[in-house]
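Add chain B to chain A, keeping to what the hints say.
Chains as they are written, first to last, in my numbering: chain A, 47 to 147; chain B, 71 to 445.
There could be a bad hint or two in this list.
To be verified - With a cut-off of at most 35 Å between alpha-carbon atoms, the simulated DSBU-like pairs for lysine-lysine come out as follows:
hint	chain 1	residue 1	chain 2	residue 2
1	A	K96	B	K338
2	A	K103	A	K124
3	B	K116	A	K124
4	A	K91	B	K357
5	A	K119	B	K116
6	A	K124	B	K338
7	B	K116	A	K96
8	A	K91	B	K338
9	B	K271	B	K429
10	A	K96	B	K429
11	B	K342	B	K357
12	B	K242	B	K369
13	B	K369	A	K103
14	A	K103	B	K342
15	A	K119	B	K357
16	A	K96	B	K377
17	B	K429	A	K103
18	B	K377	A	K119
19	A	K91	B	K377
20	A	K91	A	K124
21	B	K242	A	K119
22	A	K119	A	K103
23	A	K119	B	K271
24	B	K271	A	K96
25	B	K369	B	K338
26	B	K369	B	K342
27	B	K271	B	K369
28	B	K116	B	K242
29	B	K429	A	K91
30	B	K377	A	K103
31	B	K242	B	K377
32	B	K357	A	K124
33	A	K119	A	K91
34	A	K91	B	K116
35	A	K96	A	K124
No wet-lab data here; the hints were simulated from the structure.
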Amino acid sequence: MPLDTPNSGIAVFDPRGVVEAEAIPIGRRHNTLAGLRLGVLSNRKWNGNKLLRATVKALEADTEFASVTFYEKESFSKNADPHLLGEIIADSDIVLTAIGD
Amino acid sequence: MSSDAAVTTQAFPSNGRVADDTDLVEWYYAQGFSDGFPVVPPTPDKVEAMLEALGGDPDYLECRVPPRWGGLTRQVLAVNMVMAGCLPSYAPVVRAAMLALTSQAFNLHGVQATTHMAAPLLVVNGPIRNAIGMNSGHNVFGSGNRANATIGRAIRMILLNAGGGWPGELDKSTLGHPGKYTYCIAENEEVGCIAPYHVDKGFEETDSTVFVMPAEPPHSVTNHVANDPEGILDSIVSAMSTIAHNNAVSSGHCAVVLGPEHARVMAKYEWKRHDIRHYLWYQAHNKFGDVAFQHRYGKVYNRSLPKWYSRRDGDRIPVVPTPDHIHLFCAGGEAGRFSAFIPGWGHMASPVLREINGKSPPGGGPQCVDGTCYL
Chain A
47 MPLDTPNSGI
57 AVFDPRGVVE
67 AEAIPIGRRH
77 NTLAGLRLGV
87 LSNRKWNGNK
97 LLRATVKALE
107 ADTEFASVTF
117 YEKESFSKNA
127 DPHLLGEIIA
137 DSDIVLTAIG
147 D
Chain B
71 MSSDAAVTTQ
81 AFPSNGRVAD
91 DTDLVEWYYA
101 QGFSDGFPVV
111 PPTPDKVEAM
121 LEALGGDPDY
131 LECRVPPRWG
141 GLTRQVLAVN
151 MVMAGCLPSY
161 APVVRAAMLA
171 LTSQAFNLHG
181 VQATTHMAAP
191 LLVVNGPIRN
201 AIGMNSGHNV
211 FGSGNRANAT
221 IGRAIRMILL
231 NAGGGWPGEL
241 DKSTLGHPGK
251 YTYCIAENEE
261 VGCIAPYHVD
271 KGFEETDSTV
281 FVMPAEPPHS
291 VTNHVANDPE
301 GILDSIVSAM
311 STIAHNNAVS
321 SGHCAVVLGP
331 EHARVMAKYE
341 WKRHDIRHYL
351 WYQAHNKFGD
361 VAFQHRYGKV
371 YNRSLPKWYS
381 RRDGDRIPVV
391 PTPDHIHLFC
401 AGGEAGRFSA
411 FIPGWGHMAS
421 PVLREINGKS
431 PPGGGPQCVD
441 GTCYL
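Just chain A, with the same shape it has in the complex (with noise of 0.2 Å):
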């Protein structure tokens, strides 16, 4: 409760620590799926996995993409490699990943 003097009262302490984070726009919007080049990035996850591939095979049902490239993360409990990152950027117009444990 703030209170009307700043030197009344008792002082209290924030446990949290201070956030340093940076906004980072996110990618454009397509407006239509047919003809990119889908990425589609596994995390390795046994589930996860089924789901991923599941989710491709109902894309492909109706869309006909230009290529479908499989990635995979070296461990699902990492962070991925920002080389695989930069490979995955450099070679995909959208990106599709999975989590399922």
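What follows is chain B alone, placed relative to chain A:
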């Protein structure tokens, strides 16, 4: 109370002050700054004393804590330690543990966010254990000791407050485990049957260290009968050789804690650390077919296990890749023929051993101990 309610916060007062009649315990609860237990209100005097123990300089940034990445300045570290109930003499241990936890090898981001139940296990070695009154004896994993309880609690408070590991928010653990309140022990070096863990890794006995590893809860191993190493260790092997824990499916590191009575049997037969770890590694295993559920749900390869494992259904799958992935400690009270197996999280993280003041091991690396040398 739902997890959403648990993290609902009031606006923090812009002038850092609240009314004189404020119940501070309830105020910190209302802010969402508690692990569920009442916190010790951090008064300016207590925070100042903790800061002094940390070396002053309140804005000095020790580390950032994922996945929220809150900056752990000495002031923030001191506040969390006071809230957890720590004494200033615990400051070097908590700081060293946080630096170990936020080193890249530990992968704290993954440990905090995983659906698995892993919590960081802390094991303290060296003279600081007794200097600050840590318990390495009876009920070592249990309640009743301020240093063990509040050092571990301070770590959890920091992982919650600075790291944002609130249940259902950035902590996605399905079940969690009680070690997420506090999970901190000291090795019982006084038993003297095996070299202290940190000496095994190249430090001097006069050094003090903290070991951190993401871990499941301890699994008790009972053996009141065997009077030789093989018999006792076979019981530990039995606890290790199941397909349910995370080492079985994700490899990585694990810990074994020998109770003093079991450790004395090892010493009687002159079994050293390397004998114990190698026996456990050699004997503990599953069959690949069992790990793969006999392929009942589809052909399983399991890329979380090392690629050099042979994967025919009858092939032996070690619980961890090498004997060095078994971290052996001696702890607990003098009476009782019990030990414990502590599964780890998996290959996704590496344990970290850090000297309390950050110095490297003598000679720059591990030395020969008990007849075995480690790189």
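Against the structure, the hints come out as follows:
1. Straight-line distance between C-alpha atoms of A/K96 and B/K338 comes to about 54 Å, which puts the hinted pair past the 35 Å bound.
2. Using a Cα cut-off of 35 Å, the hinted pair A/K103 and A/K124 holds, with the two alpha carbons roughly 27 Å apart.
3. A C-alpha spacing of about 38 Å is found between B/K116 and A/K124, which places the hinted pair above 35 Å, so the restraint is violated.
4. Restraint check: the Cα-Cα separation between A/K91 and B/K357 comes to about 21 Å, which is no more than 35 Å; the hinted pair holds.
5. About 46 Å separates the Cα atoms of A/K119 and B/K116, which puts this hinted pair outside 35 Å; it is violated.
6. The straight-line distance between the Cα atoms of A/K124 and B/K338 is roughly 44 Å, outside the 35 Å bound, and the hint therefore fails.
7. A threshold of 35 Å between alpha carbons decides the hint, and for B/K116 with A/K96 the separation of about 53 Å lies outside it, so the pair is violated.
8. The suggested pairing of A/K91 with B/K338 is violated, with an alpha-carbon distance near 46 Å, which exceeds 35 Å.
9. As the CA atoms of B/K271 and B/K429 are separated by approximately 13 Å, the hinted pair is consistent with the 35 Å bound.
10. Among the hinted pairs, A/K96 with B/K429 is inconsistent with the structure: their alpha-carbon atoms are about 47 Å apart, more than 35 Å.
11. For the suggested pair B/K342 and B/K357, the alpha carbons sit about 28 Å apart, so the restraint of at most 35 Å is met.
12. The suggested pairing of B/K242 with B/K369 holds, with an alpha-carbon distance near 28 Å, which does not exceed 35 Å.
13. A distance of roughly 20 Å separates the Cα atoms of B/K369 and A/K103; the hinted pair therefore holds under the 35 Å criterion.
14. Using a Cα cut-off of 35 Å, the hinted pair A/K103 and B/K342 is violated, with the two alpha carbons roughly 57 Å apart.
15. A C-alpha spacing of about 27 Å is found between A/K119 and B/K357, which places the hinted pair at or below 35 Å, so the restraint holds.
16. The suggested pairing of A/K96 with B/K377 holds, with an alpha-carbon distance near 22 Å, which does not exceed 35 Å.
17. Of the supplied pair hints, the one linking B/K429 and A/K103 is violated, its CA atoms being roughly 55 Å apart against a limit of 35 Å.
18. Restraint check: the Cα-Cα separation between B/K377 and A/K119 comes to about 15 Å, which is no more than 35 Å; the hinted pair holds.
19. A hinted pair counts as satisfied when its Cα atoms are at most 35 Å apart, and A/K91 with B/K377 qualifies at roughly 16 Å.
20. Between the alpha carbons of A/K91 and A/K124 the distance comes to roughly 12 Å, so the proposed pair stays at or under 35 Å and holds.
21. At most 35 Å may separate the alpha-carbon atoms for a hinted pair to count; B/K242 and A/K119 meet this at roughly 20 Å.
22. Annotation: proposed proximity of A/K119 to A/K103 holds, straight-line Cα distance about 21 Å (limit 35 Å).
23. About 32 Å separates the Cα atoms of A/K119 and B/K271, which keeps this hinted pair within 35 Å; it holds.
24. For a cut-off of 35 Å, the pair hint linking B/K271 to A/K96 is broken: about 43 Å separates their Cα positions.
25. Taking the CA atoms of B/K369 and B/K338, the gap is near 48 Å; set against the 35 Å cutoff, the hint is violated.
26. Restraint check for B/K369 and B/K342: not satisfied, since their Cα atoms lie roughly 41 Å apart, outside the 35 Å limit.
27. For a cut-off of 35 Å, the pair hint linking B/K271 to B/K369 is broken: about 40 Å separates their Cα positions.
28. The suggested pairing of B/K116 with B/K242 holds, with an alpha-carbon distance near 33 Å, which does not exceed 35 Å.
29. About 39 Å separates the Cα atoms of B/K429 and A/K91, which puts this hinted pair outside 35 Å; it is violated.
30. The suggested pairing of B/K377 with A/K103 holds, with an alpha-carbon distance near 29 Å, which does not exceed 35 Å.
31. For the suggested pair B/K242 and B/K377, the alpha carbons sit about 28 Å apart, so the restraint of at most 35 Å is met.
32. Between B/K357 and A/K124 the alpha-carbon distance is near 27 Å, which keeps this suggested pair within the 35 Å criterion.
33. Between A/K119 and A/K91, the direct Cα distance comes to roughly 10 Å. Compliance with the 35 Å bound is thereby established for this hinted pair.
34. Pair hint A/K91 plus B/K116 does not hold up; C-alpha atoms about 47 Å apart against a cutoff of 35 Å.
35. At most 35 Å may separate the alpha-carbon atoms for a hinted pair to count; A/K96 and A/K124 meet this at roughly 20 Å.
Hints 1, 3, 5, 6, 7, 8, 10, 14, 17, 24, 25, 26, 27, 29 and 34 from the earlier list are contradicted by this structure; the remaining hints agree with it.
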